[in-house]
Each structure stands twice: as structure tokens, then as C-alpha cells.
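Protein chains: 2
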Amino acid sequence: MVLRGAPLIGICAAYGMVFCVRESNSLEELIKKAQYLSLARPTAVNLNWAIKRILNMIKNVRFDKKRLAQYVLNEARRIHEEDRMLCYKIGRFGSRLIKKNAKIITICNTGSLATGGTGTAFSVIYHSRNKRPFVYVLETRPYLQGARLTMYELKKARIDSCLICDSAAAFVMKREKIDLVITGADRIARNGDTANKIGTFMLASLAKRFRIPFYVAAPYSTFDASIPTGADIPVEARPHNEIIDPIGLKGFDIKTLNIAFDITPASHITAFITDKGIIKSPLKIPSIFNYV
Amino acid sequence: MVLRGAPLIGICAAYGMVFCVRESNSLEELIKKAQYLSLARPTAVNLNWAIKRILNMIKNVRFDKKRLAQYVLNEARRIHEEDRMLCYKIGRFGSRLIKKNAKIITICNTGSLATGGTGTAFSVIYHSRNKRPFVYVLETRPYLQGARLTMYELKKARIDSCLICDSAAAFVMKREKIDLVITGADRIARNGDTANKIGTFMLASLAKRFRIPFYVAAPYSTFDASIPTGADIPVEARPHNEIIDPIGLKGFDIKTLNIAFDITPASHITAFITDKGIIKSPLKIPSIFNYV
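Chains as they are written, first to last, in the numbering used here: chain A, 1 to 292; chain B, 1 to 292.
Honestly, the hints are just simulated from the structure, not real lab data.
Don't take every hint at face value.
No copy is singled out in the list; a pair is fine if it fits within one copy or between any two copies.
Pairs of lysine-lysine residues, derived as DSSO-like cross-links and limited to a Cα-Cα distance of at most 30 Å, are as follows [stated by the list, open to error]:
| # | residue 1 | residue 2 |
| --- | --- | --- |
| 1 | K250 | K156 |
| 2 | K103 | K208 |
| 3 | K99 | K66 |
| 4 | K208 | K32 |
| 5 | K255 | K155 |
Only a predicted model underlies this, so the values are computations on that prediction, with no experimental measurement involved.
The following block holds chain A by itself, in its conformation from the complex (with noise of 0.2 Å):
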């Protein structure tokens, strides 16, 4: 959890896999350090995408331990350059969305802290940040990258803002009128089904309910086409400790179900904002995985 946000956790497989090169003398030896590298978080597609797109690009090159890494570095790098402009076409695109004034809810952390830009869903708030929008951030327990990732980014980007317990999601829905809600997303099966940060899948059922725009904001490679629905993504669940330690509950003798993503139906999704434009939901593979 030193690394967090899907984009930025790709971008830190493609330097990691530098130095899984380093120590591999074959590039068996590579193959196996890049399979462990992968098993480090299970949810979040650019994980193993990052480190696929790198294993392609070498398979067929000589193993020549030094150039190889300087190779891999190279590819790393254009992994976290495109990232940052993949952030900034999701952050235009996107804010075709926001009229002035809007008033948003989003959950976790999608900023310059999640990404190599400036985000998926910050992105799109950020991009509109002339429109001056209302943001009221959710705390996103357990480890509150809400509270303290994404309150801090808005701040430094002079967005009016207030954060909130997520368990107000509803009733500030229904109060304060909100405009649109608008995530992030960990992985995204071929029929539109999403995985995020647990409280995600709360919020578009809400946001259904109260008939409010629910957006997903992801680069293409948070699209997994091999995956066909939300049922077939795994789901991490995290240690017990991850909720009661931030609590003052550290030691208690409390059973827990620490589960960090939830699957958020296509259904319930009104539209993906993606580098290639805003995409309505439930997808049309086509036209979503032609690029992919």
C-alpha cells in the first residue's frame, strides 16, 4: 500500500520490471520474477498489463542482461509519459460533462497521487476547474484516500470542496442535489461491469436510485477484454488490521470482512470516460476494444 491507484501501480510494474532484469541472468529467470512481481495486487488490471506489454516487447530480443535493461527503462518510461496524457485526454473529454457550479461526489483517490498525471476522475474535476464545481469527497474507509490523498489534492488545486463519511453518501445525494458522481476504476470486464474501491458499486446503486449520473473515468488499459463480466474479476480482501488499526481499535478481538473493491454493474454505470472519448454504458465491445 506504499503504491496505490491502478494507472500509477502499471507505471510502477514497468520500472519494477527494470529490476526484475537486473537480476535475471535468462529470460526464464525474468519470466518467473515478472509472474511474482504480478501476484502483488490482484484487482487492478494495469498490474499485469504493465508487465505483459513488457514481456511482449522482449521475448524475441537477445538477452543481454545491460541493453535489456536499458530497453525495458525506456518502456517504462513511455508507459508513465503516455499515462500523463492519457490523464489529460480523460480530464478534457471528461469536463465536456461538468456545467458550472456542478456538485460532485467522488470516492478515493484518483489524482496526480494515483496516476503519472493528473488522474482519471481528479482529472475530469480538474479540467473543469474554471466551471468552479463543489466536490464532497468520501472519507473511502478503511484507508481513507479520500480523506487523506484526494482532500489534498483538491486543496492544492483551489477546489472548493468538504469531505464526508461515506455512510452520508445518501442522504447527501438527496439533500445537496448533486449533479453527478464520478470514480475511478481497477478493472473493467468486456460488458462494462467495473471493479473499485469498495463504496463504489453503494454509490452507482444510489445514484440510480436518485436518477443522478454515475461516471467511471479509466484509460483503455484498465479495460480487460479477457475478462467477460464483473463476476469473473477477483476481489481483494484485505487484512483485518486495515480497518481497526486507523480506528484506535489495534489488538481488539474483532472479526472483520475487509473486502477492498466491489463490482459495480454496467448497468448502473451511465457512461466511461476514456482517452478515446466518453463511451455510454453498457459497452458496445467493439467499439471499446478495437484499441485495446
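Chain B: place on chain A using the hints.
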């Protein structure tokens, strides 16, 4: 927040009236002190209910401080003992709704730490313990009554349970096939709209979406016939630091919105579990208010 839980607030207000009598020299002075006491918390009606009950009892009695204090103490003890009985009745009536191995979601704390007896929602679970229910407890941000109090009460009663983050409720409802949701209440309006801990409306909205029965357990003293609908119930906004202190952000300059309660429309409530029996929602006014 040393004392919390609607019924417990009522009981303690009654005992508090003993101190008000001891420090007053006339009925007018006592009424002033009682008015001040009634401002301690706005949302739970039990506070006003207990104070009014005592004032009504003594308004025609000669103001003899010593005798009056004893008189009020006796009435406070009656209210206390009465609440113990109300809890028992709620638990017994409600347990009819609990099937064997029921999977239950609850929020906040509604047991012996919040009432004068076995509780409201908790009492229903407690009196069903031989049916081996499994309880998912929402941690209940910001003040964490679920994590800190309800998990303790369930453990003490040897009832199987598990703590989840508030934001996980939607996913748990879907994945774990929850049988029912049960909560307490701070105030119930004439039409059945119910004020309770922030997050209750979220649970009710989700329960409605997933067609899971949603029950509110409360004694007659929680029904407020003077309030026509939920829109008329004052909702307490509590201090900023209650959100950020428990999560290690004390002193950080973060804007927050700390709404302590929300309003659940009567249309989202399957039934009220009261000391007089189970009453379907929305309320038929005569059936419920003829005993208030």
C-alpha cells in the same frame, strides 16, 4: 457524547431533572433549567419526552425542594425500569421476524449501552440468539458506535458477528444474501419518517433496491406525534473534529460536513418493531398514536 442512544438519553434526562430540582427554588427556575437541559441534543425525541413527562407530573405540586427531588427521582426510576420492560417487549415481538441462521445488517449501537435494558434493534437480535443469527455490524462513522460498542455487546452475548466498513453494506447485501436490516431510531414522525444515525437512510435505500426487509425497532417514547413528517425533524450537525480526529487527521485544515443523523422515509421501512407489537409502515396514525 458521554451518554448516547435515544432511550438512554431519555432515562438520563429524567435523572438530570432530579439535579434541576435540587438547584431550583421555584417552579419557574426549574422550568428554565429543564429548557436548558432539553437543548443538549436536538434529534432524539426521548430527551424532550422524559423532561415533559416529569414537568407534567409536577406542575401542580407544591414546590417543596426536598420532597420534589424524591418525587422526581422515583419517576426517573420508573422511566428507567419502564425502558427495561420496553426493551424486553421489543425484543420478544421482533424475534418473531428472525428466521434460523438469519443474516442481519445493523448500524450504530442499540443494546444495553444505549438503553435501560437489552436494547431496541439489539434486543430483537438478542432475543433471537437461539436461532443463531449472523450479524454484519456497520462500523458507523464518524463516532464508530458499531465498532466500539455493538461488536462488544454481540461478543458478550455470544452472537456471531463481523465488522464491516459502512461503504461495504451494498456489496455485502448483494454477495452475502442478507435476510433483513434492523436499526434503532432517534425520532419517528407522525407519518413514519424516521431520524436515525447517519447511514440509516443509505441502508434503507439499498435494502429497498435489493428487496430486503428493513425494520426500525423503537419504544413508544420515540414516536413524536407533534412532528408531521421527517422534513420537520431537526437534524444535528456535529463538530468537525468528530470526523477527522478518530482517523489521525487532528489539526489538519480540512472542510467537513458532519451530519450526525439522516431521515429515512416511511416508504423505505417495512415495519416498526415497538413495545406494542409489529406495526407495518407507513403508519396508520390511529393504530400507533392512540397510546402516545
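Can you name, in rising order, the numbers of the hints this structure does not satisfy?
-> The structure conflicts with hints 3, 4, although it agrees with all the remaining ones.
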